[in-house]
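Anchor point for the first sequence: position 272 equals 272 in UniProt numbering, and the numbering is continuous, going up by one each time.
I should point out that these hints are in silico values taken from the structure, not numbers from a laboratory.
Some hints could be false.
Cβ-Cβ distance ranges computed for the label pairs, FRET-style [what the hints assert, rightly or not]:
| # | residue 1 | residue 2 | range |
| --- | --- | --- | --- |
| 1 | Asp265 | Pro168 | 47 to 57 Å |
| 2 | Pro168 | Lys109 | 49 to 59 Å |
| 3 | Val422 | His202 | 47 to 57 Å |
| 4 | Gln455 | Ile234 | 39 to 49 Å |
| 5 | Ile461 | Glu228 | 44 to 54 Å |
| 6 | Gln483 | Met560 | 51 to 61 Å |
Everything numeric in this text was worked out from a predicted model, so none of it was measured.
Backbone N, C-alpha and C define an ideal beta-carbon position, used for all residues, glycine too.
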Amino acid sequence: EDEFYQSPRHDKSLKRERDDDNEWEEERYTDGVKWKFLEHKGPVFAPPYDPLPSNVKFYYDGKPMKLSPEAEEVATFFAKMLDHEYTTKDIFRKNFFKDWRKEMTSEEKAIITDLKKCNFSDMSEYFKAQSEARKKIKEENERILQEYGFCIMDNHRERIANFRIEPPGLFRGRGDHPKMGMLKRRIRPQDIIINCSKDSKHPEPPPGTKWKEVRHDNKVTWLVSWTENIQGSIKYIMLNPSSRIKGEKDWQKYETARRLKKCVDRIRNQYREDWKSKEMRIRQRAVALYFIDKLALRAGNEKEEGETADTVGCCSVRVEHIKLYPESDGQEYVVEFDFLGKDSIRYYNKVPVEKRVFKNLQLFMENKEPDDDLFDRLNTSILNKHLQELMDGLTAKVFRTYNASITLQQQLKQLTNSEDNVPAKILSYNRANRAVAILCNHQRAPPKTFEKSMQNLQTKIDAKRDQLSDAKRELKISIYLGQINNISKKKAVQRIEEQLMKLEVQATDREENKQIALGTSKLNYLDPRISVAWCKKFGIPIEKIYNKTQREKFAWAIDMADEDFEF
DNA sequence: TCTCAAACTTAGCAGTTTGAGT
DNA sequence: ACTCAAACTGCTAAGTTTGAGA
Numbered sequence: 001e002d003e004f005y006q007s008p009r010h011d012k013s014l015k016r017e018r019d020d021d022n023e024w025e026e027e028r029y030t031d032g033v034k035w036k037f038l039e040h041k042g043p044v045f046a047p048p049y050d051p052l053p054s055n056v057k058f059y060y061d062g063k064p065m066k067l068s069p070e071a072e073e074v075a076t077f078f079a080k081m082l083d084h085e086y087t088t089k090d091i092f093r094k095n096f097f098k099d100w101r102k103e104m105t106s107e108e109k110a111i112i113t114d115l116k117k118c119n120f121s122d123m124s125e126y127f128k129a130q131s132e133a134r135k136k137i138k139e140e141n142e143r144i145l146q147e148y149g150f151c152i153m154d155n156h157r158e159r160i161a162n163f164r165i166e167p168p169g170l171f172r173g174r175g176d177h178p179k180m181g182m183l184k185r186r187i188r189p190q191d192i193i194i195n196c197s198k199d200s201k202h203p204e205p206p207p208g209t210k211w212k213e214v215r216h217d218n219k220v221t222w223l224v225s226w227t228e229n230i231q232g233s234i235k236y237i238m239l240n241p242s243s244r245i246k247g248e249k250d251w252q253k254y255e256t257a258r259r260l261k262k263c264v265d266r267i268r269n270q271y272r273e274d275w276k277s278k279e280m281r282i283r284q285r286a287v288a289l290y291f292i293d294k295l296a297l298r299a300g301n302e303k304e305e306g307e308t309a310d311t312v313g314c315c316s317v318r319v320e321h322i323k324l325y326p327e328s329d330g331q332e333y334v335v336e337f338d339f340l341g342k343d344s345i346r347y348y349n350k351v352p353v354e355k356r357v358f359k360n361l362q363l364f365m366e367n368k369e370p371d372d373d374l375f376d377r378l379n380t381s382i383l384n385k386h387l388q389e390l391m392d393g394l395t396a397k398v399f400r401t402y403n404a405s406i407t408l409q410q411q412l413k414q415l416t417n418s419e420d421n422v423p424a425k426i427l428s429y430n431r432a433n434r435a436v437a438i439l440c441n442h443q444r445a446p447p448k449t450f451e452k453s454m455q456n457l458q459t460k461i462d463a464k465r466d467q468l469s470d471a472k473r474e475l476k477i478s479i480y481l482g483q484i485n486n487i488s489k490k491k492a493v494q495r496i497e498e499q500l501m502k503l504e505v506q507a508t509d510r511e512e513n514k515q516i517a518l519g520t521s522k523l524n525y526l527d528p529r530i531s532v533a534w535c536k537k538f539g540i541p542i543e544k545i546y547n548k549t550q551r552e553k554f555a556w557a558i559d560m561a562d563e564d565f566e567f
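Using the sequences plus the hints, can you model the full thing?
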């Protein structure tokens with residue numbers, strides 16, 4: 001009702017059109033004239049009748065009979081309803097039969113004279129089968145999951161992540177991939193290597209086929225592997241994130257990051273010292289490490305040219321990817337980064353850096369072509385070797401994990417207001433999460449329907465605002481009239497205010513999230529114990545932060561962390 | 001030291017399901 | 001009951017890291 005009778009001022013699109021077009025203002029509608037011009041495309045019709053497959057038969061008087069499409073269509077309507085009791089009622093049957101006969105050819109009409117002699121059961125079965133088919137597919141998927149989706153590892157039944165072999169198809173790749181369009185070929189049993197324990201019941205290859213190999217390597221975690229034909233790399237079937245083996249690894253990862261926390265000051269001092277080193281390789285290493293630490297860049301392995309899209313990370317950044325500004329927007333020593341990173345996602349950032357870094361960058365860029373490596377004396381293995389010496393288990397990506405987690409913790413501290421209600425606290429959480437996603441450059445394409453859905457939300461908010469002022473006015477009137485029972489009116493105002501707040505929070509959250517993907521950091525970079533502790537501290541149900549899958553993945557953390565966990 | 005294979009984590013997207021709001 | 005957006009899931013590409021072998 002609301003929507004239909006909404007006055008034009010609620011409809012933003014209409015309002016804009018009227019503003020844009022002065023003629024509108026001149027128009028007057030009188031004497032019952034509703035409009036002067038109307039144009040549209042008309043309605044969309046129901047799809048035409050698709051005749052039944054020839055093996056689905058209609059029987060009359062016990063004999064199969066081919067119906068004309070018109071008669072058949074009407075017959076299918078009856079057949080689809082056959083299970084309902086009303087199809088046994090005389091009136092229903094009488095009306096149906098009368099109307100059905102109208103659709104028949106004269107031959108059919110001559111033969112089909114008695115509804116009692118009609119047998120629709122074959123047709124009915126067909127439709128039942130069709131709707132069952134959907135259910136069957138679901139059930140079959142469930143059965144396959146139960147049979148192939150689990151394994152036994154060390155006395156536990158563990159979920160497998162990707163137990164289906166990747167189907168053949170045309171390779172797309174991300175970004176400007178030189179191999180896009182190539183055929184990804186079908187994987188056969190003779191391509192497959194099975195890994196399982198010697199004393200287990202080995203999986204059987206399909207009849208008449210053989211596995212490439214069955215091995216028993218308990219130093220690795222994969223169950224199945226094959227070589228993919230596009231890049232020639234190996235693909236694996238491994239366990240689900242909820243499994244012990246993945247959970248422990250995840251925990252270990254965050255523990256390493258926490259160890260970095262203890263010595264990060266030392267390491268930072270060290271690389272700052274190294275900016276002054278006499279040796280070029282050490283300076284380059286130190287500047288690269290500074291970027292990895294400050295900007296959460298990825299290590300940046302070198303890649304084989306022509307095999308993959310041209311993307312870079314820290315160590316593989318080229319001269320053409322950065323610009324130096326001794327001064328920009330009132331800030332000194334500004335570096336502008338612009339390159340394609342993992343998945344061909346653009347990294348664009350303009351940041352002030354320390355003077356020494358800036359001077360070093362100028363030095364590194366001297367006498368180089370745009371497509372030369374910025375860090376020509378550095379690669380990931382040199383960098384990681386150095387990091388290994390600074391701390392046991394330290395690699396470039398630990399900095400990403402560390403900086404992501406520490407940022408979440410610090411942002412949560414800063415943004416959470418204990419007075420807030422639950423939705424407002426969750427907004428704070430999302431904002432903290434967002435800060436991390438921005439740091440790690442986790443982007444997404446704006447959802448296809450973003451603009452529209454934002455508009456819809458705005459319409460809702462406008463309507464809610466009006467509703468609120470109406471409710472307030474009513475309250476005022478009732479106070480003015482000295483009505484004592486205005487409690488319900490007060491409550492109404494309060495309720496609407498809350499609803500409005502919620503909508504506004506939602507709009508803010510959505511707008512801020514337009515191009516940012518929160519999932520990746522949540523799943524891979526943020527120590528879940530920080531979130532668990534935060535939930536406990538502020539009485540937020542963990543379900544508000546983690547869905548079922550995530551709770552399974554982070555079961556170890558939910559078990560482990562109490563409210564004063566410190567990363 | 002370099003190269004390459006292997007193993008494992010991280011990543012965004014498309015399609016589907018769920019659920020909130022009316 | 002219905003609609004639309006949000007949430008979720010599956011998928012698999014694209015990274016990082018390690019270590020063996022030349």
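Verification of the hints:
1. Taking the beta carbon of each, Asp265 and Pro168 are about 53 Å apart, inside 47 to 57 Å as hinted.
2. Taking the beta carbon of each, Pro168 and Lys109 are about 53 Å apart, inside 49 to 59 Å as hinted.
3. Val422 and His202 have their C-beta atoms about 52 Å apart, which keeps the hinted 47 to 57 Å range intact.
4. Taking 39 to 49 Å as the suggested C-beta distance range, the pair Gln455 and Ile234 conforms, at roughly 48 Å.
5. For Ile461 and Glu228, the Cβ-Cβ distance of about 49 Å falls inside the hinted range of 44 to 54 Å, so the restraint holds.
6. For Gln483 and Met560, the Cβ-Cβ distance of about 57 Å falls inside the hinted range of 51 to 61 Å, so the restraint holds.
In summary, the structure agrees with every hint in the numbered list given earlier.
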